[in-house]
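Starting from the known structure of chain F, fit chain U onto it as the hints suggest.
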Amino acid sequence: MDILYLLVPLSVVLVFLIVGVLAWSVWSGQFDDVEHQGQRILEDDDRPSNTTPR
Amino acid sequence: MVIVGRFLSVEQALSNKSPGMPHRLDLYQVGRPAYRAPGKSAPYDRRSITIPPVRPRSMAQHAAFMHLDDPAELAEIARELPERSGAGRRLETVLTVDGVHCAACVVAIEGALRGRVEDVTVNAATRRARIVFRPDTQPLSGLFERIEQLGYRPRPVSRGAIATAEAAGRRTSLWRMLVAVLCMMQVMMYAVPRYVADPGDMSEDVVRLLMWAEWMLTLPVLLFASWPFFASAWRDLRARRIGMDVPVTLGIVVTFVASSAAAASGGEVYFDSVVMFVAFLLIGRWLEASAREKALVGVGDLLARLPETVERLDADGRGTTVTLRQLQAGDRVRVSVGQSVPADGIVETGRSHTDESLLTGESRPIAKQPGDPLAAGSLNLDGPLVLRLTRSPRESRLQEIADLIESASARKPRLAQIADRWAGPFLVAVLVLAGLSWIAWQWIDPSRAIWVAASVLIVTCPCALSLATPTALIAAAGNLARGGLLARSPQAIESLARCDAFVFDKTGTLTLDRLSLSAVRILPPTPRSPGSTVPRAAGSADVPQTPAPAWDAATALAAAAALEAGSLHPIAAALRRAAASGAPLPEVSEVREHGGAGIAARLRIDGAWRDARLGSARFTGGPEGGAAAVFLAIDGHVVAGFELAETLRPDAAASLDALRRDGVSVEILSGDEPGRVAQVAALLGVPDFRAQASPEDKLALLEARQREGRRVAMVGDGINDAPVLARADVSIAFATGAALAQHHADMLLLGGRLDTVVQARRLSRRTMRIVVQNLSFAAVYNVVAIPLALAGLMPPWLAGLGMSASSLVVVLNALRLARPSPPAGIVSATATRVAGAA
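Chains as they are written, first to last, in our numbering: chain F, 10 to 63; chain U, 340 to 1177.
These are computed hints drawn from the structure, not numbers from a lab.
Please note that the accuracy of each hint is not assured.
As the list claims (entries may be wrong) - So, partial list: chain U residues that the calculated Cβ filter (under 10 angstroms) puts toward chain F:
#	residue
1	SER480
2	ARG510
3	LEU513
4	TRP514
5	LEU517
6	CYS522
7	GLN525
8	SER542
9	VAL592
10	VAL593
Claimed, not checked - Quick list of simulated restraints, FRET-style, between CB atoms:
#	chain 1	residue 1	chain 2	residue 2	range
11	U	ALA603	F	VAL22	43 to 51 angstroms
12	U	GLY539	F	VAL22	25 to 33 angstroms
13	F	LEU19	U	ASP408	56 to 64 angstroms
14	F	LEU51	U	ALA889	57 to 65 angstroms
15	F	GLY47	U	PRO1062	48 to 56 angstroms
16	U	GLY1002	F	GLY47	42 to 50 angstroms
17	F	LEU51	U	ARG577	49 to 57 angstroms
18	U	ARG577	F	SER20	35 to 43 angstroms
19	U	GLY605	F	LEU19	49 to 57 angstroms
From the three backbone atoms N, C-alpha and C, an ideal C-beta is built for every residue, glycine too.
Chain U extracted, bound-state conformation:
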């Protein structure tokens, strides 16, 4: 058989290569993520792109996974988790397990590994398993071996490997589907004359001829296209359990064998039903697989945004082309227009705009100038940049996001766990029912008994039921990630949908964690004596006491910004930002920073050097107790005071409004002093707020709300508020600054936009509606279809159609969630400032 031979050769090509050899596949090299050939795309170590060879179980097997225990390899595929109770290192890794189709597989793998590992979850929809293990007591190779013994093929998920193996898998499944569809069409052609011809129209010989032609074309469908069902059913039986594919396989085989017998001896044949059933089932699975790929912002997708090679600049500014993996922190790299940034770093020279939508969901271009941070994966839009790397590509933000998505897609939502528990008994019931119906029909009409039993087997396959929840949650998670919100587990989406109370932290959540200048006050000249020092600028000793120039807000601000030019203090940043678009900054020299007090320097104003001080009231001699936080003094005269304020997030008011309109109660909970919290609450129109709350107070308040029967979502700072966040039903944190793994929240906001939370809540509610629709549809379908099949009212072809259609409906319904959600109707207002903070 030509086809089978072809198929086997590919499988062998995939499995028999020795480790270290990239598999050659005829892939297009077209800059699209998942299709790249490994040798080209591999931004990481070559070892990571080999697929562990699959051999029959033998002595050599353990060796096949030995390389996974190598520390360098582990670092590539696993993530270190915080240590707990001093029992040794804990690592988290995600693997793809080929051959997982249904709930029963999940139960088998989880059952086999539980006890050996800290935690294991297998997700049938994504074929990903997430394992938390202790490498010191339980090596990864042993765990892989155990999975393989169950009859599955485990593969570590490391960057390039996914792309290669998935590209080959995609081709095989497309190929199987095409064979089935093509054969289905032709078998139908042969079958239709038999159905429509009146008795006597066709001679007995012609009918026979058509039947055997059908039989010929059913063979490739049976032997090749339906192979995945057979393989998975065989795996289930060998492990002494019932999976989804057992009744499917039985249905296919029984129908085919009975039809073949009938073709030989005369009677009804149903080859057309067999091929149609297989073809529709394969179309459904293929659609679901491509949907899953699209919905899940695949790791391959994210990392493929990184360039394959980059131009590294040496000390003289000469560029050499190196691969991504050779880059280290501290390297200088040129990023040309249209290229994406290879690693996190800081702009050294050049001005441009970048597109960071991949990382933050922010679609507007962001202006970049020297000193600004650049994140890996953002796209350089309109000007060449030279970048100094602050982290190596392996540690970039993009990599963190990819890791997080990877581990989230392997976790399983609660609803799916419930479905898993019920699937096993349900399938046993199906088999028993089919057997009983066959026996019963022996009395009713023996000639139809076999067809009724086949219909029951086919029609009751709980595919729709098992796809109902995971597909919807994955589609929603993918959608959220594109908007800049990462869900750590699908469960978070379910919890968010149920929340009816939102508690917000203030600092860094409702307000930006930076200050802004709210006012510049020019102070009237004081009658104090001139400053103690005499200007001694070069060549101008003859004009020591020129009267100070008339100060206005712009010049005072420019002077202050010039003094603060080198300071890292938040106040300095606020002054610099405010002065950026104003008057040119005067020259400064002899800058001395007085810790905690201010800055003293000499400032050149109108050609004369003068003593200048900028800082607290005490340091500069300014009036105490006013609203101003810092003062500028020239030659001992205080000339201006600067008032600073916290900045509300531009979309805070609109987002909170939208939440309230959606019927959610909103509260502010802050550790800050009452005055400021009240001010922010008033600006946002939130009547419920609590200030000066210690972490214990926050916890107590959350628990009180939960005792009232509310489900609380806490939005806060993922690092300082960790214990409070952990208590909430669902927690959301702004993931700015620190490494993502350090944030302890169920969901992480990457984009710094508060309205994402509103949209996320709406999307999660829509998700739960669709999950309920899917589950009830699947349940209703089974309740209606089973009695019909038992009553013999459903011929095999109708059963196949019904079953495949029901899972298609469920998948397509869930896919509605992958479409970008309509804008939440929240307009971003200009930044509102709260006066009085310092």
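If we strip away everything but chain F, and leave its shape as in the complex, we get:
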């Protein structure tokens, strides 16, 4: 059972890593508009500034 002394702290570190990944995804705007992204493929491409993430 000694391995627990390594694995439990490791899992804590892992959670912090996941929290960091979540931070990146929230602040890069991935959750800002979850409905629209699915419809983007239907949009015309003639106004690129309006359809690409800045």
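Leaving out everything else, chain U in the frame of chain F:
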């Protein structure tokens, strides 16, 4: 701490920019309303999109709001109200106050501003404050400063600012929620073995290890995710009052500190309860915030329908791309298919259909041809149009609607005011109760005293109680607005639900304010001598006395419409409409309009020019006293008479029927002559009507009904009937034509459909039912939960679950009102006409 650092940097990015600099946020530029980056979306002045910097209180602070006193800035964010008693200008503005969570905040802000301003209402559900102030004696910057001193962050609500700040706020709250939920899951993983293991299964060291792992993961939840609760509780304490977040914060901190002590010394730990409580509370708040956003037809939403750039045409028809803000009345603009109309105007060339559902709730496409008005925000569906603007984008109907919704969402319903008054004492009672329970349990079981006190603190949070009313009314108001009915204040919905008598005005309410042609009568040739003038058409002098062609209804109507082609008179419009689908119009020349009598012109019929007159019996020599209102005379012979009628609204009969079926008494009250009112009443099957009523009569009748104990809704014309409307319990007006602000009614009908009123009444009754459900649920929950917690039967985790669940239930219940209501079962009949009017 990585997370905290990240969070702070965003906050700083939001607050430390200098005015005039748009904040850069990594937002998607995807054509969805609230998420646009300011630089792109700003249809208005750049200044409007800066967020006032927030600095610690210092000398520089006053300067932070100084720019708000600039007249140009004021015009952007405030609305002029009609002057009263000559005490100077009055302005109304709406601001977002960050940090408002509960009733206590509301009381604090309102209390601080009252006395300085004419009127102030703060709505905790929308975080909006509505202020009526006199800029000459009390500058806006001073008011903002006062709010900031209380520890809140005021922001003027001007177009782009809302989108930017709300997008950032939304991300932060989503982020906090995700951190809390993720940590909650992992803390549970560590906690479960401790709960299920038999004594001796796990060594003491492993138990310790798991406890400290829990402690590690509780830290980010405590330090980052629950920050909003701490901040708001601190604000409350500094202002020496008790807000909703004070017991919540105490509960979190007490549980955490006691658990940490227990982890160090051995004993029961409740880290899992802390993270779960915070996570559920944040989920609840996040849901409520997104619900509020969806339910409230946000100003951002409305105005984001406007295009960012438009193609303006110069005199030669060449197009240049300009921003919306550069447009002025009189400009010509091309609106391509799929684009929305940038400002109110009139179609110059092109034919198309437009979707005006955003403005009027009318879902059918509306045909547009040259000469037809176009409203900003409507969508051009199937043909390019060239538009001549009649108003600049800033003055458009859409802007008016947005302003109205904005100011309505800041007003507070009566029920919520009552709840606010009770919240303060209730919270004090909670704290006292928690303290008493801790003392009492010292005798019963000292080891559990701290947990009982924490449970009491957590379980009694009156979140559900304070959310019960505002959320429901906002959801309902949003729903009504989508159907084309604007409520000026949430209070109107409450009043409408109670109404049991409807009084309708006739003209413009039950009838359309336009005439329609009801019959064309061909008159037999009179034995009078031919007309005094001799036709002198070019090249046809040799056929002066050809016999008049045989007239039938279609040709007579075509001739009349041709004569009236240039006239603005309502009769002319009716004739033109009637002739639009009939025979081709003959040529006319030498048109002379005789004011009040009719039109004389020369008309080309079968290749010959003839003298034609169209007008009253006296002007044309037609028979007097008949039903016909205007006559057509050719060469002095009266050939046809036209009967005109008022048009009933297509859905008037069905709507009134539906109201009566719903158990509401219906009456007609009109200033018109008895004959016509009786006719309309008979057609609609309304036995109670009063004609030739002066405004005083109308008032007296309303008051008589109210003395009978009825609550009266008055549906009428918001401009001429203003005093009568003001007396009614709730007033509804058709907002056609004039500026919305000029209509004095509690509710404004934008779509011109009477059945909206029926649906609104049903929805408002449903709203009140849901409010009552919510209030009683919240009350029952507290009555049941508090004794359980006091008796020690509720561990902290159950208290957290119960409290968060109760506010979720209330919010979700209220959200049922945001769903589109089922059709009222009113079919729109074809237009019914009342004969005899002229």
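Structure-based check of each hint:
1. About 33 angstroms separates the beta-carbon of SER480/U from the nearest beta-carbon of chain F, more than 10 angstroms, and the hint is not met.
2. With a least beta-carbon distance of about 6 angstroms to chain F, the hint placing ARG510/U at the interface is held under the 10 angstroms criterion.
3. The beta carbon of LEU513/U is positioned within 10 angstroms of a beta carbon in chain F (closest approach about 6 angstroms), and the interface hint is therefore held.
4. Using the Cβ-Cβ criterion of 10 angstroms, the hint placing TRP514/U at the interface with chain F is satisfied: the shortest such distance is roughly 5 angstroms.
5. Annotation: LEU517/U was flagged as interfacial toward chain F, and the flag holds, the nearest CB pair being 5 angstroms apart, inside 10 angstroms.
6. The beta carbon of CYS522/U is positioned within 10 angstroms of a beta carbon in chain F (closest approach about 7 angstroms), and the interface hint is therefore held.
7. Checking GLN525/U against chain F by beta carbon gives a least distance of about 5 angstroms; that is within 10 angstroms, so the hint holds.
8. A distance limit of 10 angstroms between C-beta atoms decides the matter here; for SER542/U the minimum to chain F is near 7 angstroms, and the interface restraint holds.
9. Because the closest C-beta pair between VAL592/U and chain F is about 22 angstroms apart, greater than 10 angstroms, the hint is violated.
10. Checking VAL593/U against chain F: minimum C-beta separation of about 24 angstroms lies over 10 angstroms; hint violated.
11. A hinted range of 43 to 51 angstroms for the beta carbons of ALA603/U and VAL22/F is inconsistent with their spacing of about 22 angstroms.
12. With their beta carbons about 30 angstroms apart, GLY539/U and VAL22/F fall inside the hinted range of 25 to 33 angstroms.
13. Judged by the Cβ atoms, the range 56 to 64 angstroms given for LEU19/F and ASP408/U holds: they are separated by roughly 59 angstroms.
14. One distance hint, 57 to 65 angstroms for the beta-carbon pair LEU51/F and ALA889/U, holds here, with the actual separation near 59 angstroms.
15. Against the hinted window of 48 to 56 angstroms, the Cβ-Cβ separation of GLY47/F and PRO1062/U comes to about 53 angstroms, which satisfies the hint.
16. For GLY1002/U and GLY47/F, the Cβ-Cβ distance of about 46 angstroms falls inside the hinted range of 42 to 50 angstroms, so the restraint holds.
17. For LEU51/F and ARG577/U, the Cβ-Cβ distance of about 52 angstroms falls inside the hinted range of 49 to 57 angstroms, so the restraint holds.
18. The hint said 35 to 43 angstroms for the Cβ distance between ARG577/U and SER20/F, and at roughly 40 angstroms that hint holds.
19. Separation of GLY605/U from LEU19/F is about 25 angstroms and departs from the stated range, judged on CB atoms against 49 to 57 angstroms.
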